Amino acid sequence: MPSLQKFHANVARHIKLMDKNLCANLIRHENIITTRAKAKRAQSKIEKFLADAIRNNKELADKDFEYRLENNDALNFLQPPDRKEVGSKIINELAQRYPGRSSGFTRIIKLEPRLGEDKAPMSVLELVDSDYEIKFWYTAKIVARLELQNIPVDDLTKHNVHKLTKLRNDGEESFRNAVETAKLEFFKFNPETGSFNDPEIEKNLQNKPNMAYHEGPLVGTLLKSKKFGTTPRPTRETVEIPKSPFLS
Amino acid sequence: MSLALRIGGSFSVPQALLAMLPKLPAFPINSIFHNSPAIDERLEELREQIENNHGRPPFMIDNGTIVKAAPKKKMSKRRHRTKLYTPGDKQIHPLNNIVRCPACGHVKRSHFMCMNCFAEIRTFLKGKKRENGLIKDAENPQTNLDPVDEKLIYPGKYLKDDQIRLEEKKWIPVREEPLMFDKKHLKHSK
Ligand SMILES: [Zn+2]
Chain A
1 MPSLQKFHAN VARHIKLMDK NLCANLIRHE NIITTRAKAK RAQSKIEKFL
51 ADAIRNNKEL ADKDFEYRLE NNDALNFLQP PDRKEVGSKI INELAQRYPG
101 RSSGFTRIIK LEPRLGEDKA PMSVLELVDS DYEIKFWYTA KIVARLELQN
151 IPVDDLTKHN VHKLTKLRND GEESFRNAVE TAKLEFFKFN PETGSFNDPE
201 IEKNLQNKPN MAYHEGPLVG TLLKSKKFGT TPRPTRETVE IPKSPFLS
Chain B
1 MSLALRIGGS FSVPQALLAM LPKLPAFPIN SIFHNSPAID ERLEELREQI
51 ENNHGRPPFM IDNGTIVKAA PKKKMSKRRH RTKLYTPGDK QIHPLNNIVR
101 CPACGHVKRS HFMCMNCFAE IRTFLKGKKR ENGLIKDAEN PQTNLDPVDE
151 KLIYPGKYLK DDQIRLEEKK WIPVREEPLM FDKKHLKHSK
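In order, the protein sequences belong to chains A and B. If you're matching positions, the first sequence starts at 1 in full-length UniProt numbering and goes up one per residue. If you're matching positions, the second sequence starts at 1 in full-length UniProt numbering and goes up one per residue.
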């Protein structure tokens, strides 16, 4: 990972401001594309900020909106011009989106290097459980493709779907809708006739995955060791504890 | 001597030999014919030409010699040593982490987002944001202008060739569509 400490003048102040700006823009746009170093550096700051802001908001739950915006100390992390806009989004939206979370609000996805002169490694920094989550739509696309090919979903995709829908509001339902949308958007599927509007996509769908993971011998081996043969742990038996002689 | 050695050396590689053969009319071809399992069409053609030419080879460029690719300049010591002897981490490595993207079937790097799918999803999400009113396009204040007035007010300007080429924006690099994944392309089949 390249270091950001290239120019030694005012680096600390510059980096602090970068973190604040990235934080405000991430909350505004739900996902941003930056270089890997900036994303990794800002992620911890954003996690801490969101955790504090949402916890403080919970403590002030019985107060009105204006009071909560004024007295949430965590919001002081933001730059003054962003405070009202971003703070109100946290109070109105993010607090309802993350009722049970105390950490893990963001995700970093690695991208290929930038197509410019510098070839910098890029990444996506995104808020989890949002409607504009890239991993959510990517997984929806995978499931849509498998359903169009009439192939059962493999273990890894099932695991990912479970993780994506576990804490989301109406997770299962919204994922189902996303899969149907993905069929229309990404595969140009026509549900009335059951055919595809684009012959290239029909040709592309003939490329099939390794079927051993879908209906072959490798199903159910996701969490098993490939190196060592393991036996399942025996079920716990109820043990009768003898009565203590000291208790009359 | 050196010619014979070279021919002997390349004899074990039939592909390379066949590619070289039209340039080697001077040595006896029959000896190769006996050993090679399949006869190349070019060899037949060459034999016909030799028979028609009273046993002499037809005219070719580089008749009777082997011409190899020749560098234009001597490689400097520094260049040579950098290429061969620098630490391995400074040299370019092949990508060994290529897997199949489950969402589109093209190749991608494992643990990285598939850029083909990412571009699709990104444009889709942008459209979704525009639908929901999160992205607001700047509104043109003069949409209800009369076409005649518009022509008068904005007559357009003359663009030179280089300006037109600049506006095509061909200088912006575009990512190519990756290959479809195929098991046969892998060095070690999984
Ligand atoms: Zn893909």
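No lab work stands behind these hints: they were computed from the structure. What you are looking at is a predicted structure, and each value in this text was computed from that prediction instead of being measured. Honestly, I wouldn't trust all of these hints.
[Said to hold, decoys possible] Taking lysine to aspartate or glutamate and the DMTMM-like style, the derived pairs with C-alpha atoms no more than 20 Å apart in a straight line are:
hint, chain 1, residue 1, chain 2, residue 2
1, B, K128, A, E117
2, B, K136, A, D129
3, B, K126, A, D118
4, B, K170, A, E117
5, A, K163, A, E240
6, A, K38, A, D64
7, A, K119, B, D89
8, B, K169, A, E117
9, B, K128, A, E185
10, A, K227, A, E240
11, B, K129, A, E47
12, B, K129, A, D131
13, A, K119, B, E177
14, A, K203, B, E176
15, A, K188, B, D182
16, A, K110, B, E177
17, B, K129, A, D118
18, B, K126, A, E185
19, B, K170, A, D118
20, B, K129, A, D73
21, A, K203, B, D89
22, B, K128, A, E173
23, B, K129, A, E85
24, B, K129, A, E202
25, B, K126, A, E70
26, A, K208, B, D182
27, B, K136, A, E117
Right, here's what the structure says about each hint:
1. B:K128 - A:E117: With Cα atoms ~31 Å apart, K128 (chain B) and E117 (chain A) exceed 20 Å; violated.
2. B:K136 - A:D129: violated (24 Å)
3. B:K126 - A:D118: The given pair, whose Cα atoms are some 26 Å apart, is violated under the 20 Å limit.
4. B:K170 - A:E117: With Cα atoms ~16 Å apart, K170 (chain B) and E117 (chain A) stay inside 20 Å; holds.
5. A:K163 - A:E240: violated (38 Å)
6. A:K38 - A:D64: Roughly 36 Å between the alpha carbons, so the hint for K38 (chain A) and D64 (chain A) is violated.
7. A:K119 - B:D89: holds (17 Å)
8. B:K169 - A:E117: holds (16 Å)
9. B:K128 - A:E185: holds (11 Å)
10. A:K227 - A:E240: violated (38 Å)
11. B:K129 - A:E47: violated (24 Å)
12. B:K129 - A:D131: holds (10 Å)
13. A:K119 - B:E177: Within the cut-off at roughly 18 Å; holds.
14. A:K203 - B:E176: holds (19 Å)
15. A:K188 - B:D182: violated (24 Å)
16. A:K110 - B:E177: Cα-Cα ~19 Å, so holds.
17. B:K129 - A:D118: violated (30 Å)
18. B:K126 - A:E185: Roughly 13 Å separates the two Cα atoms, so the pair holds.
19. B:K170 - A:D118: Holds - the C-alpha atoms of D118 (chain A) and K170 (chain B) are around 19 Å apart, at most 20 Å.
20. B:K129 - A:D73: violated (31 Å)
21. A:K203 - B:D89: Given that 20 Å is the threshold and the Cα spacing comes to 40 Å, the pair is violated.
22. B:K128 - A:E173: Roughly 18 Å separates the two Cα atoms, so the pair holds.
23. B:K129 - A:E85: holds (18 Å)
24. B:K129 - A:E202: violated (29 Å)
25. B:K126 - A:E70: violated (33 Å)
26. A:K208 - B:D182: Judged against 20 Å, a Cα distance of about 10 Å means the pair holds.
27. B:K136 - A:E117: Violated, at about 31 Å.
In terms of the numbered hints stated before, the structure departs from hints 1, 2, 3, 5, 6, 10, 11, 15, 17, 20, 21, 24, 25 and 27, listed from lowest to highest.
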